[in-house]
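Novice: What follows is the residue order along each chain.
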Amino acid sequence: MTATSNRGLDALEAESIYILREANKCVQPLCALWSMGKDSTALLWLARKAFFGRVPFPVALLDTEMELPEVYEFRDRIAREWNLDLRVELCPPESSIEGGLPPAARSAARKTYGLRRILEREKYRGVLVGIRRDEQATRAKERIFSPRSPEGDWDVRHQPSEFWGHYATDVPEGAHVRIHPLLHWTEVDVWRYHQRENIPFVSLYLARGGKRYRSLGEKNITVPIESTAGNIEEIIAELEVTRAPERAGRLMDHEREDAFERLRATGYM
Amino acid sequence: MKPDLKIVFAGHVDHGKSTLVGRLLHETGNISPAKVAELAGAARRRGVPFEWSFVVDALQAERDQAVTIDATRAWFSWAGRRYAIIDAPGHREFLRNMVSGAAEADAAILVVDAVEGVGEQTRRHARVLSLLGIRETVVAVNKMDAVGWDASRFEQVREECRALLGTCQLRARGTVPISAREADNLIAASDRMPWYRGAPLIELLADLEPSPAPADAPARMRVQDVYREGETRIAVGRLDGGTIAAGDTIVVLPSGSRATVRSIERWNSPERKIAIAGESIGLTFREPVYIARGDVISREAQPPALGYGFRTVCFWLAETPPVIGEHLTLQMGPTSVRVAPEGFEGVLDSGSLEICSTEKIPRYAVIELRLRAGALLAADEYATLPGAARFVLLRGHDIAAGGFITEVLGSREAHVQPEAHLVAPSERARRNGHRGAVIWLTGLSASGKSTLATALERRLFSAGAAVYTLDGDNLRVGLNNDLGFSGADRAENIRRVGEVAALFADAGMIVITAFISPMARDRALARRAAGDHFHEVYVRADLATCERRDPKGLYKKARAGEIAEFTGISAPYEPPIEAEFIIDTQEFALDRCVQDLFDYVAAAANLGEWIATRSI
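From first to last, the protein sequence lines stand for chains A and B.
Per the numbering used here, the very first residue in the first sequence carries number 1; after that it's consecutive.
Per the numbering used here, the very first residue in the second sequence carries number 270; after that it's consecutive.
I should point out that these hints are in silico values taken from the structure, not numbers from a laboratory.
In this text the structure is predicted, and so the values were computed from the model without any measurement.
Be aware that a few hints might be false.
Calculated lysine to aspartate or glutamate pairs in the EDC-like style (CA-CA distance at most 20 angstroms, straight line) [unchecked claim]:
#  : chain 1 : residue 1 : chain 2 : residue 2
1  : A       : Lys49     : B       : Glu498
2  : B       : Lys304    : A       : Glu255
3  : A       : Lys49     : B       : Glu540
4  : A       : Lys25     : B       : Glu540
5  : B       : Lys271    : A       : Glu240
6  : B       : Lys304    : A       : Glu173
7  : A       : Lys25     : B       : Asp494
8  : A       : Lys49     : B       : Glu534
9  : A       : Lys219    : A       : Asp10
10 : B       : Lys271    : A       : Asp10
11 : A       : Lys25     : B       : Asp868
12 : B       : Lys304    : A       : Glu246
13 : A       : Lys25     : B       : Glu534
14 : B       : Lys304    : A       : Asp39
15 : A       : Lys123    : A       : Glu173
16 : A       : Lys49     : A       : Asp63
Label-pair restraints from in silico Cβ distances [said to hold, decoys possible]:
#  : chain 1 : residue 1 : chain 2 : residue 2 : range
17 : A       : Lys211    : B       : Ala415    : 45 to 51 angstroms
18 : A       : Asn198    : B       : Ile593    : 54 to 60 angstroms
19 : A       : Pro172    : B       : Arg632    : 57 to 63 angstroms
20 : A       : Arg243    : B       : Thr518    : 52 to 58 angstroms
21 : B       : Ala458    : A       : Val88     : 56 to 62 angstroms
22 : B       : Thr675    : A       : Gly99     : 55 to 61 angstroms
23 : A       : Glu120    : B       : Arg632    : 37 to 43 angstroms
24 : A       : Glu240    : B       : Gln438    : 35 to 41 angstroms
25 : B       : Glu628    : A       : Pro102    : 53 to 59 angstroms
26 : A       : Lys25     : B       : Thr518    : 47 to 53 angstroms
Computed, partial: chain B to chain A, Cβ under 8 angstroms [what the hints assert, rightly or not]:
#  : residue
27 : Ser301
28 : Lys304
29 : Ala306
30 : Arg342
31 : Trp344
32 : Arg365
33 : Ser369
34 : Gln493
35 : Gly499
36 : Glu500
37 : Glu534
38 : Tyr559
39 : His666
40 : Ser731
Cβ coordinates follow ideal geometry from the N, Cα and C atoms, glycine included.
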């Protein structure tokens, strides 16, 4: 991938800020999902841009208790420094997930259940999520404002029209909207932005002993890649020549052809 | 470095758009061999031949039916430039998805099957691309392998396309014969079509340029929200055109208030005293000024036009066509007004590109529609500022159409009003802590208007508002004691109420009126008198309920014939079709109705939302 121009980053940033301000004005109560990864951390940074230094909505964390220790340290530090209204939701155990999914997807589905619980309890109408189109082919088909049924289902066959900055902000009682301010960003864009803005990130993204995490997930279903990239510049250089997909290390994407689509159709991020 | 280019691949269903996208990603080295192996393996397990379209048709339903349902986006790099490819569905049923994808694009590739030539969706997509504001295109005549690489067939299809693009005001940067499946003329010149002397597709893409942000256009910012930071109020939004700098005098429309920009607010960005088109910014002002979501900020020179009536061109996406007088919402970014279609001025069948009758409007028609808005709208015309003339129409919560304004009827552009009074409306509002407003209650006798008015007045007064109620008792005694109860006198009564209420509102007060005001025409006059201050509130209860309540025994008398022309019994009541607010006193208890109405009025009059920046 070719590096993003600064002008390109400015345009992406302006669009994301516009989306965040629309979400905050039109969809309440609102929360943001934070996985402590580079994308959702950039999303919170953009929220601070949009709202002049503060994050005006709660930040929900779907905790499987399976994140790596560095990730939890990072969470506590950033939540304190950025003064986040952090809501940690413990996800139900894997044994309570209904059958039919392959093992890693089943493990990932714990987050779907955790999200459902927090939505039911807090009655959020809007959930900000840091997914991007270039991560995964079904995410590429998403809307920026993506309505979900009261059961949390994504009806991919009947998505609303979305153009010229007009978003579906109204949903029926009990339903909610997923809001994706980073949808048009790419992996390289996010790293360039981290670099330009000096946004903190978990050190696991940098190589240690010839390996680094390109995509951060739970320790039981994520594997690091071969890499020598010790800083963002080197990460970007590496991404410019690789053809391996970003989520190659996320086991749940590769168990079955439609595993990820099925996860998403029932409410995964 | 060349800026990123967003290209939409459009055209008729099955003409090979997704196959071309998948193949192009592969040929430019942007798909890993592992990914290809994964897709090929999946195809083998399903017993279907591998298709390059599987790269982008990610949904099971899409692969099962070999059709693209929703637009997707993929990126590739070539010769130092990054391209975002938008693969749009070609099936007629998924036009709304095609529009959602295509609206983002800088340029389009029109994919046409060499065997079939231009199809219905080719024409429709070409027309829609043009309406979306796209000008630059490249035509790819696909499946040349299926016509034996025949030069004369290519020429025929090229002629067809040339005529089509001309009709739609699109410019072709080139027309290239290709085979997506065989990769001919994608990256390198095909030796199977030596007669073609032009460039391969990838080189034609390299010549396309994104349209620059309109920084030299007049300044326009539609306000998304107003934030408070201590004593400061910040109006936020995206600058859609032009520039705004600290020290500039700006005009807020539709109110017409002026203010001086004190600062441009950003967070953790290098301080710059100027903002240019495309930026999401915050503005603070030296003087106190009203600003609310939906207002348009422009400079004093070249403000947008103001009007209630508009000529428009719409591409209709909803299944049922527009109906004259129906209730729609027009949105231009954060600005939202109720509108009703007033008349059809032309209808085009987007599939055949032929003019058709307004009697039977086909699906996906392009319609020249006259719209009437329920409130003053600030907007530009397409010919002068295309980006600022765009809108979408909502029917209920769903987008029914996209379009643009071609003419603002009876434009009040010249009416950005000079301060006629020494006391500016903003000063009155600052003292009162709210805007002036007319809260016009309408409904049947005994629907609860007076009860609501009395309770609302008390609540607003207690909240510190300057508020007064006009009703039959205080007006008929003096001002209107020359009027009786004939139809003409009743209309005149309401007209005077409307004018008096407008004066109260202009003086900065919140005035509540409680009159049956059964005729839509009379209420429209009151609305015109008060302009933006007017809020029609429909107090709803059905006739049976009102008759059962009958606190003054009037229904009984009317039934007995003792009162002539009694609304609901022997005279009509025309319910509002565009009320700003509806209170259902039949369904809900009085307390709840009063609370709802209070909340509405507090928001409408900006009670507590007053923007008072400290002067420097």
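Novice: Give a verdict on every hint.
Specialist: Tested hints:
1. Among the hinted pairs, Lys49/A with Glu498/B is consistent with the structure: their alpha-carbon atoms are about 14 angstroms apart, no more than 20 angstroms.
2. Using a Cα cut-off of 20 angstroms, the hinted pair Lys304/B and Glu255/A holds, with the two alpha carbons roughly 13 angstroms apart.
3. Between Lys49/A and Glu540/B, the direct Cα distance comes to roughly 14 angstroms. Compliance with the 20 angstroms bound is thereby established for this hinted pair.
4. Proximity of Lys25/A to Glu540/B is assessed by CA-CA distance (about 26 angstroms); at most 20 angstroms being required, the pair is judged violated.
5. Among the hinted pairs, Lys271/B with Glu240/A is consistent with the structure: their alpha-carbon atoms are about 17 angstroms apart, no more than 20 angstroms.
6. Using a Cα cut-off of 20 angstroms, the hinted pair Lys304/B and Glu173/A is violated, with the two alpha carbons roughly 41 angstroms apart.
7. With a C-alpha separation of about 7 angstroms, the suggested pair Lys25/A and Asp494/B falls inside the 20 angstroms cut-off, and the hint holds.
8. Under the criterion of a C-alpha separation no larger than 20 angstroms, the hint pairing Lys49/A with Glu534/B is consistent with the structure, at around 10 angstroms.
9. As the CA atoms of Lys219/A and Asp10/A are separated by approximately 34 angstroms, the hinted pair breaks the 20 angstroms bound.
10. Annotation: proposed proximity of Lys271/B to Asp10/A holds, straight-line Cα distance about 15 angstroms (limit 20 angstroms).
11. Distance hint between Lys25/A and Asp868/B is fulfilled; the C-alpha atoms sit about 17 angstroms from each other, no more than 20 angstroms.
12. As the CA atoms of Lys304/B and Glu246/A are separated by approximately 12 angstroms, the hinted pair is consistent with the 20 angstroms bound.
13. Under the criterion of a C-alpha separation no larger than 20 angstroms, the hint pairing Lys25/A with Glu534/B is consistent with the structure, at around 19 angstroms.
14. A C-alpha spacing of about 23 angstroms is found between Lys304/B and Asp39/A, which places the hinted pair above 20 angstroms, so the restraint is violated.
15. Simply put, Lys123/A and Glu173/A have alpha-carbon atoms about 10 angstroms apart, close enough for the 20 angstroms limit, and the pair holds.
16. Between Lys49/A and Asp63/A the alpha-carbon distance is near 26 angstroms, which puts this suggested pair outside the 20 angstroms criterion.
17. At about 49 angstroms, the beta-carbon gap between Lys211/A and Ala415/B stays in the expected band of 45 to 51 angstroms.
18. Between Asn198/A and Ile593/B the beta carbon distance is about 58 angstroms. The supplied range of 54 to 60 angstroms therefore holds.
19. Restraint check, Pro172/A to Arg632/B: a C-beta distance of roughly 26 angstroms breaks the suggested window 57 to 63 angstroms.
20. Judged by the Cβ atoms, the range 52 to 58 angstroms given for Arg243/A and Thr518/B holds: they are separated by roughly 54 angstroms.
21. Remark: the range hint 56 to 62 angstroms for Ala458/B to Val88/A is upheld by a beta-carbon distance near 60 angstroms.
22. For Thr675/B and Gly99/A, the hinted distance range of 55 to 61 angstroms is satisfied, since their beta carbons lie about 58 angstroms from each other.
23. At roughly 40 angstroms, the beta carbons of Glu120/A and Arg632/B sit within the given window of 37 to 43 angstroms.
24. As the Cβ distance of Glu240/A to Gln438/B is approximately 39 angstroms, the hint placing it in 35 to 41 angstroms holds.
25. For the pair Glu628/B and Pro102/A, the supplied restraint of 53 to 59 angstroms holds, since their beta-carbon distance comes to about 57 angstroms.
26. About 27 angstroms separates the C-beta atoms of Lys25/A and Thr518/B, a value inconsistent with the hinted range of 47 to 53 angstroms.
27. Look at Ser301/B: its Cβ gets to within about 4 angstroms of chain A, closer than 8 angstroms, so that hint holds up.
28. At a threshold of 8 angstroms, the smallest CB-CB gap from Lys304/B to chain A is about 6 angstroms, leaving the interface hint in force.
29. The beta carbon of Ala306/B comes no nearer than 12 angstroms to any beta carbon in chain A, farther than 8 angstroms, and the hint placing it at the interface is violated.
30. Taking 8 angstroms as the C-beta contact cut-off toward chain A, the hint placing Arg342/B at the interface holds, the least distance being around 5 angstroms.
31. Contact between Trp344/B and chain A, as hinted, is supported at the beta carbon level, the nearest pair being about 6 angstroms apart and thus within 8 angstroms.
32. A least Cβ separation of about 4 angstroms between Arg365/B and chain A falls short of the 8 angstroms threshold, and the interface hint therefore holds.
33. Of the supplied interface hints, the one on Ser369/B holds, with its beta-carbon coming within about 5 angstroms of a beta-carbon of chain A, less than 8 angstroms.
34. Residue-level restraint check for Gln493/B holds (minimum Cβ-Cβ distance to chain A is 5 angstroms; threshold 8 angstroms).
35. Restraint check, Gly499/B versus chain A: the minimum CB separation of about 11 angstroms is more than 8 angstroms; hint violated.
36. Taking 8 angstroms as the C-beta cut-off, the interface hint given for Glu500/B is violated, the closest approach to chain A being about 14 angstroms.
37. The interface hint given for Glu534/B is met, as the beta carbon of that residue sits about 7 angstroms from the closest beta carbon of chain A, less than 8 angstroms.
38. For the restraint placing Tyr559/B at the interface with chain A, the shortest Cβ-Cβ distance is roughly 17 angstroms, beyond the 8 angstroms limit, so the hint is violated.
39. Here the hint on His666/B is kept, as its CB sits about 4 angstroms from the closest CB of chain A, short of 8 angstroms.
40. Interface restraint check: Ser731/B against chain A, minimum CB-CB distance 27 angstroms, threshold 8 angstroms, status violated.
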